[in-house]
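Asks: Letter by letter, the chains look like this.
Protein chains: 2
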Amino acid sequence: MKRQLLLFLFLAISGILNSQSSQTLKIRSYREQKESQWMQEYIQFLSIPNIAADTAGLKKNADFIMQMMRKRNVQNVQLLFPSTKTAAPSIYGEVIVPGATRTLIFYAHYDGQPVDTLQWAKGLKPFTPKLLNGSLEKNAAIIPFPANGKYDPQWRIYARGASDDKAGVMAILSAYESVIQTGFSLNYNIKFFFEGEEEAGSTHLNEIFQNYTSLLKSDLWIICDGPVHQSGKKAVIFGARGDAHVDITVYGPSRPLHSGHYGNWAPNPALMLAKLLASMKDDNGRVAIRGFNDDVTPLTTLEKKAVSEIPSVDEQMKEELKFVKEEIPGMGLSDAIMIPSLNINGMQSGGVGAKASNVIPTMASAVLDLRLVPGNDYKRQQQRVVDHIRAQGYYVTDTEPIEAEKKIFAKIAKVTLSGGYNAQRTSMSLPIAQKVIDAVKSTTNDQVVLIPNMGGSLPLYLFEKYLKATTITVPVANHDNNQHAENENIRLLNLWNGIETMAALMLMPPGPL
Amino acid sequence: MKRQLLLFLFLAISGILNSQSSQTLKIRSYREQKESQWMQEYIQFLSIPNIAADTAGLKKNADFIMQMMRKRNVQNVQLLFPSTKTAAPSIYGEVIVPGATRTLIFYAHYDGQPVDTLQWAKGLKPFTPKLLNGSLEKNAAIIPFPANGKYDPQWRIYARGASDDKAGVMAILSAYESVIQTGFSLNYNIKFFFEGEEEAGSTHLNEIFQNYTSLLKSDLWIICDGPVHQSGKKAVIFGARGDAHVDITVYGPSRPLHSGHYGNWAPNPALMLAKLLASMKDDNGRVAIRGFNDDVTPLTTLEKKAVSEIPSVDEQMKEELKFVKEEIPGMGLSDAIMIPSLNINGMQSGGVGAKASNVIPTMASAVLDLRLVPGNDYKRQQQRVVDHIRAQGYYVTDTEPIEAEKKIFAKIAKVTLSGGYNAQRTSMSLPIAQKVIDAVKSTTNDQVVLIPNMGGSLPLYLFEKYLKATTITVPVANHDNNQHAENENIRLLNLWNGIETMAALMLMPPGPL
Numbered sequence: 001m002k003r004q005l006l007l008f009l010f011l012a013i014s015g016i017l018n019s020q021s022s023q024t025l026k027i028r029s030y031r032e033q034k035e036s037q038w039m040q041e042y043i044q045f046l047s048i049p050n051i052a053a054d055t056a057g058l059k060k061n062a063d064f065i066m067q068m069m070r071k072r073n074v075q076n077v078q079l080l081f082p083s084t085k086t087a088a089p090s091i092y093g094e095v096i097v098p099g100a101t102r103t104l105i106f107y108a109h110y111d112g113q114p115v116d117t118l119q120w121a122k123g124l125k126p127f128t129p130k131l132l133n134g135s136l137e138k139n140a141a142i143i144p145f146p147a148n149g150k151y152d153p154q155w156r157i158y159a160r161g162a163s164d165d166k167a168g169v170m171a172i173l174s175a176y177e178s179v180i181q182t183g184f185s186l187n188y189n190i191k192f193f194f195e196g197e198e199e200a201g202s203t204h205l206n207e208i209f210q211n212y213t214s215l216l217k218s219d220l221w222i223i224c225d226g227p228v229h230q231s232g233k234k235a236v237i238f239g240a241r242g243d244a245h246v247d248i249t250v251y252g253p254s255r256p257l258h259s260g261h262y263g264n265w266a267p268n269p270a271l272m273l274a275k276l277l278a279s280m281k282d283d284n285g286r287v288a289i290r291g292f293n294d295d296v297t298p299l300t301t302l303e304k305k306a307v308s309e310i311p312s313v314d315e316q317m318k319e320e321l322k323f324v325k326e327e328i329p330g331m332g333l334s335d336a337i338m339i340p341s342l343n344i345n346g347m348q349s350g351g352v353g354a355k356a357s358n359v360i361p362t363m364a365s366a367v368l369d370l371r372l373v374p375g376n377d378y379k380r381q382q383q384r385v386v387d388h389i390r391a392q393g394y395y396v397t398d399t400e401p402i403e404a405e406k407k408i409f410a411k412i413a414k415v416t417l418s419g420g421y422n423a424q425r426t427s428m429s430l431p432i433a434q435k436v437i438d439a440v441k442s443t444t445n446d447q448v449v450l451i452p453n454m455g456g457s458l459p460l461y462l463f464e465k466y467l468k469a470t471t472i473t474v475p476v477a478n479h480d481n482n483q484h485a486e487n488e489n490i491r492l493l494n495l496w497n498g499i500e501t502m503a504a505l506m507l508m509p510p511g512p513l
Numbered sequence: 001m002k003r004q005l006l007l008f009l010f011l012a013i014s015g016i017l018n019s020q021s022s023q024t025l026k027i028r029s030y031r032e033q034k035e036s037q038w039m040q041e042y043i044q045f046l047s048i049p050n051i052a053a054d055t056a057g058l059k060k061n062a063d064f065i066m067q068m069m070r071k072r073n074v075q076n077v078q079l080l081f082p083s084t085k086t087a088a089p090s091i092y093g094e095v096i097v098p099g100a101t102r103t104l105i106f107y108a109h110y111d112g113q114p115v116d117t118l119q120w121a122k123g124l125k126p127f128t129p130k131l132l133n134g135s136l137e138k139n140a141a142i143i144p145f146p147a148n149g150k151y152d153p154q155w156r157i158y159a160r161g162a163s164d165d166k167a168g169v170m171a172i173l174s175a176y177e178s179v180i181q182t183g184f185s186l187n188y189n190i191k192f193f194f195e196g197e198e199e200a201g202s203t204h205l206n207e208i209f210q211n212y213t214s215l216l217k218s219d220l221w222i223i224c225d226g227p228v229h230q231s232g233k234k235a236v237i238f239g240a241r242g243d244a245h246v247d248i249t250v251y252g253p254s255r256p257l258h259s260g261h262y263g264n265w266a267p268n269p270a271l272m273l274a275k276l277l278a279s280m281k282d283d284n285g286r287v288a289i290r291g292f293n294d295d296v297t298p299l300t301t302l303e304k305k306a307v308s309e310i311p312s313v314d315e316q317m318k319e320e321l322k323f324v325k326e327e328i329p330g331m332g333l334s335d336a337i338m339i340p341s342l343n344i345n346g347m348q349s350g351g352v353g354a355k356a357s358n359v360i361p362t363m364a365s366a367v368l369d370l371r372l373v374p375g376n377d378y379k380r381q382q383q384r385v386v387d388h389i390r391a392q393g394y395y396v397t398d399t400e401p402i403e404a405e406k407k408i409f410a411k412i413a414k415v416t417l418s419g420g421y422n423a424q425r426t427s428m429s430l431p432i433a434q435k436v437i438d439a440v441k442s443t444t445n446d447q448v449v450l451i452p453n454m455g456g457s458l459p460l461y462l463f464e465k466y467l468k469a470t471t472i473t474v475p476v477a478n479h480d481n482n483q484h485a486e487n488e489n490i491r492l493l494n495l496w497n498g499i500e501t502m503a504a505l506m507l508m509p510p511g512p513l
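Chains A and B supply the protein sequences, listed in that same order. Under my numbering, the first residue of the first sequence carries the number 1, and numbering increases by one thereafter. Under my numbering, the first residue of the second sequence carries the number 1, and numbering increases by one thereafter.
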């Protein structure tokens, strides 16, 4: 008895003891009755093409979602348009709760990444959803949809958008239905916002925010997008890294030269670029550009603790990705995404393989991707790269060098700065943050992984800038979902768990935020 | 008078005083009568397509050349076939001189580089020869062929093969005609050998040499191919560098990874390759691979003197190629081609420009071109590059790495060694070498540039290996001839001078070789 108590205390202190609330069990029970019906609805939803190029398809998706919302008695359902009427609209809906003074708004997006149908596995097509008895990578087979409506939670649906992010739409709306039909009462007004241009870069989101500022007023945006932690545990993510690009081109002779007649006399731009890129990181993989890490806002005690508790997936991922050593020796993935990064996306000079010829190429180019963390300013970070290139003896220009420049400077780099927005991180010490964490914890017996910011980038700054809003991301999809690629899929258990997570968030207790 | 004598002595000592012999003046006078007729013949010759893919065209060229030879009373004219009868044959002919104990054989090739007709300037086509009143780069215009048969020597003919190397065939056969018709008597038997596969890599030349060893017996091969020195001066070239390739691929994660989620944790192969390539040369452009220069046979006193006398074209070429600093600071082009070189032909990882995406690429590749000088063994030189890669911590394999290898080694390089033959250099101190130099000098008032080896590579080792032959290259074309590219051309003066050069070589005095 005493030992059990000690174990309990140990688990409680180490913070990994959660327990599924009776509320969650009721939501689950409702879902079990509805599975078959929801699956039919979801299959219909996934059958409607949702790629950026197909405006008609996107509109059909919007129609379908509005029907889903109305069926669930969501009020004031409407399309929100940017000034450009040809852009895919966002969809809005709300549930005003008498007496509620606070509002939660749930975000997901219904558009998907472009598809290359030929790349999909045999029997699979992006917009003909199929059921598989597991993961394709583990040799699962396509099976018929069950006549008895009984689904094994390890089964998966394969289709574009199955995870990213129609799963978000489905989890949010099914959660709302469950909450209402199970008889719980809400403490918050609930709003819904489903974007139609996320995969196209959210280019009109700022306009929609400006056009509907008061409609979109809320105390918290819950972003339901992306995968849970690679360990399979649920995750709450408080921010995202920013992103910016630097394109570099360096120059050799003005025409491709015979490498025998002129090699090692004429400057070789491929070697110049190799030396320049090599100078940007030391032999331990650390960025060697002056000041690159100077502006980083240190993690708070709470954030440090959260990072230290992120389960390591390093060995699992190395196994999956077939390499044995991380770029910065000894630094795990959880820590690596908390610092600014510099990564080469691409590099090219002359030809390789069958395209190689005996030349000194005329130029060499590279594309660098900079990720930013709180404290970094993307323009300042890009400027540091430019300064570094100058410090290596380069004359830097942002246009194609002209002959007059080539007659003066031995080393010329054309540098183009593009993209760019800063990181965003919501404080984990806000009362609302703790409420979100508690809500997600109430749905699982397992650890909930708290991530100060994801490694990837999202334009969360738009929410801050145009709506002064607080955002917290709570994903639902499995990490091995192939989002953005062929064979995208959702494991049903992730969808079911996601519904429970979203329901718990809708039912958060009132109190200070 | 005394001053003139001093000037004469000074010029004689400094070796740049040549004088056109009366013999040359007679040859010139004959050429002046024949210009119009020869031009008609040359235009016909250039109108016959001569690219590797067009076997019928190559055969028509061979037919035409055989007619040219028979018209000039060359004897025993025949096609020399390799074992593979579909390959373009070489053409042989001979002039046996009563009493002559020594034989000179003149080499040129009649096949040309592939053509991309769309790349040719307006009004020009590869196999429709046109006359221009100068160089296209200097805005010359297309002009009609002159009705009066008078050609300005600065005019140029534009057509594929005009320089490389139908000019060689034309110069050799017109020189022979001039020699005979002007009444000179020959001291050597003269043989002719015109290859049809040079631009296709001379893949059957070894077979032809083996099949016709006794027919091709000679004391000297005179290779009439390539351009004269960039200064415009005539050149005698005693060898060529060897060539070999090293292809390198290094590996990152097994699939392209999101650079936000995994950047700076997963190893980036583009950075790995950049660091590897950067390690191969120091900051002064010198190859930093251990032993790379160890085997070089030092230049002889004669060769050193020749190199020191090569006119510098560095400033002219930098101006033309639009760069201001050579790769090895302070080392001119003439010296740079006397040492082994390492040059990056191409380098590639992920995509750049419109093809860039936010990924960590899975691999990065480079193609290295090694040029070799006498003393180098191409396999040993390739091995030094492999050893260098190993010394940078790489596991080197020559096949695509398998999963088991990826689980052991952090840095894997697939290295493919290809191509490869050694340099060749004929001693400048051979009596025959001096005879060749003297003969060329007798045709010009200007310096003759003596080059121990050219920077580029030719399979001259085939002549040594299969025929035990001595080779010396005496080019005729202008250096700005666009050979291998669009708008190939020959300046008429170079063709006329070339005829005088070839005639002088045919008329070399007898004596020890």
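Errors might be hidden in some of the hints.
The list treats identical chains as one, so a pair stands whether inside a single copy or across any two.
Here are the simulated DSSO-like cross-link-like pairs (lysine-lysine), alpha carbons at most 27 angstroms apart as the crow flies [said to hold, decoys possible]: (1) Lys414 x Lys322; (2) Lys355 x Lys379; (3) Lys435 x Lys138; (4) Lys275 x Lys355; (5) Lys26 x Lys233; (6) Lys465 x Lys322; (7) Lys355 x Lys233; (8) Lys325 x Lys406; (9) Lys322 x Lys406; (10) Lys465 x Lys233.
The hints are simulated quantities; they were obtained by calculation from the structure and are not laboratory data.
Asks: Could you place Lys414 and Lys322 in one of the four classes (within, between, both, neither) given a Cα distance threshold of 27 angstroms?
Replies: For Lys414 and Lys322, only the inter-copy Cα distance (16 angstroms) is at most 27 angstroms; the intra-copy one is 35 angstroms.
Asks: Which holds for Lys325 with Lys406 at a C-alpha limit of 27 angstroms: within a copy, between copies, both or neither?
Replies: So Lys325 and Lys406 pass the 27 angstroms test across copies only (10 angstroms; inside, 42 angstroms).
Asks: Reference check for the pair Lys355 and Lys233, CA-CA at most 27 angstroms: within, between, both, or neither?
Replies: Neither: 46 angstroms inside a copy, 35 angstroms across copies.
Asks: One pair to classify: Lys465 and Lys322, alpha carbons no more than 27 angstroms apart. Within, between, both, or neither?
Replies: neither (41 angstroms within a copy, 48 angstroms between copies)
Asks: Measure nothing new, just compare the shortest in-copy and cross-copy C-alpha distances for Lys275 and Lys355 to 27 angstroms and report within, between, both or neither.
Replies: Both, since 23 angstroms and 23 angstroms are each at most 27 angstroms.
Asks: Check Lys435 against Lys138 for me: Cα-Cα at most 27 angstroms, and say if that holds within a copy, between copies, both or neither.
Replies: neither (38 angstroms within a copy, 77 angstroms between copies)
Asks: As a check of your reading, is Lys355 near Lys379 (CA-CA no more than 27 angstroms) within one copy, between copies, both or neither?
Replies: Only across copies: Lys355 and Lys379 sit 24 angstroms apart there, 37 angstroms inside one copy, limit 27 angstroms.
Asks: Using 27 angstroms as the alpha carbon limit, work out where Lys465 and Lys233 are close: within a copy, between copies, both or neither.
Replies: Neither: 31 angstroms inside a copy, 71 angstroms across copies.
Asks: Given identical chains, is Lys322 near Lys406, meaning Cα to Cα at most 27 angstroms, within a copy, between copies, both, or neither?
Replies: Cα proximity of Lys322 and Lys406: across copies only (6 angstroms, versus 44 angstroms in one copy).
Asks: Classify it for me, Lys26 with Lys233: is the Cα-Cα distance of at most 27 angstroms met within a copy, between copies, both or neither?
Replies: within (21 angstroms within a copy, 96 angstroms between copies)
Violated hints for the displayed structure, listed by number in ascending order: 3, 6, 7 and 10.
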